[in-house]
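Q: Sequence:
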Amino acid sequence: MKKLLALLGALSIAIGAYAAPNPDPQTLKVALLPDENAGTVIKNNQPLKDYLETTLGKKVELIVTTDYSSMIEAMRFGRIDLAYFGPLSYVLARQKSEIEPFVALKAKGSTTYQSVIIANTSAGITRIEDIKGRNMAFGDKASTSSHLIPKSVLAEKSLDAGRDYLEHFVGSHDAVAMAVQNGHAQAGGLSRPIFESLVERKIIDPAKVSVLEYSKPFPQYPWTMRSNLNPELKEKIRAAFLNLKDPAVLKPFKAEGFDVITDKHYDVVRNLGPLLKIDLAKFQ
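The sequence shown lines up with residues -19 to -1, 1 to 265 when you count with mature numbering (1 follows the signal peptide of the UniProt record, and there is no 0).
Hints in this document: simulated from the structure, not taken from any laboratory.
Mixed in with the good hints, there may be bad ones.
[To be verified] Derived lysine-lysine pairs resembling DSBU-like cross-links, with alpha carbons at most 35 Å apart: (1) Lys113 to Lys40; (2) Lys30 to Lys77; (3) Lys77 to Lys24; (4) Lys197 to Lys245; (5) Lys10 to Lys189; (6) Lys235 to Lys258; (7) Lys197 to Lys217; (8) Lys232 to Lys197; (9) Lys217 to Lys39; (10) Lys138 to Lys258; (11) Lys24 to Lys39; (12) Lys245 to Lys77; (13) Lys40 to Lys122; (14) Lys197 to Lys113; (15) Lys10 to Lys232; (16) Lys77 to Lys39; (17) Lys258 to Lys245; (18) Lys215 to Lys87; (19) Lys189 to Lys138; (20) Lys217 to Lys138; (21) Lys89 to Lys77; (22) Lys89 to Lys215; (23) Lys77 to Lys87; (24) Lys217 to Lys87; (25) Lys245 to Lys232; (26) Lys245 to Lys30; (27) Lys138 to Lys245; (28) Lys258 to Lys226; (29) Lys24 to Lys189; (30) Lys40 to Lys197; (31) Lys183 to Lys235; (32) Lys122 to Lys87; (33) Lys235 to Lys113; (34) Lys226 to Lys122; (35) Lys30 to Lys138; (36) Lys258 to Lys217.
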């Protein structure tokens, strides 16, 4: 009998774990990208938490997962309701989850952005081809702007990871810039807005780190939501972001606002797979 009760208890827990998430939760779990220190990300986004709680009339819990993969899995199993993904991590999450993008970051009037390839100024690297035989730093494997896009820039110059250079994944954008500045890697790739912010904040010294090349424009980071949220709630969330003008809320995103985006915009990211010889359906 004890064994039967234990089995029934285990089954109950398993069924509960996979039960459909609440379409109208009292507390919205909002995930932010783990592209910087988690404590810093949550602290910087307190104004967002306050704004959403006031606008939506719900409690908000900010979440920063350990990495992009765990964020994707959390969305897959309904443990988060809204998520701010990078373009690639969105594409990967979309393959596993019933989610939809509803707005994308807008800066300088555009919902596109660029990656940047940087080099240590003392490494003698003045062009992309000079990275051959060197150490190249990337952020997270599921990052668009600190992995997929920079790697595609190198691939367009016929430089392939493993064959032509050694790749190192250091986790976050700021870690890429620091690895290059400190000489742990001779070159690296990250988001252009983040790199420029690091220079502006004097965390990165332009005398030690030079810009080799900027990528072509790609669609900006999307905000996504669970597709099975209540339609009325989804519309309120969408309106909250489209009407967002508060500089204190927008500052951590380095944005002037958010604009409408659809899944179709991210086909350009999916199309990088063949160039990099990556099957995005099996990626991570």
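Q: Go through the numbered hints given earlier and state which of them the structure violates, listing their numbers in rising order.
A: Violated: hints 1, 5, 20, 28, 30, 35, 36.
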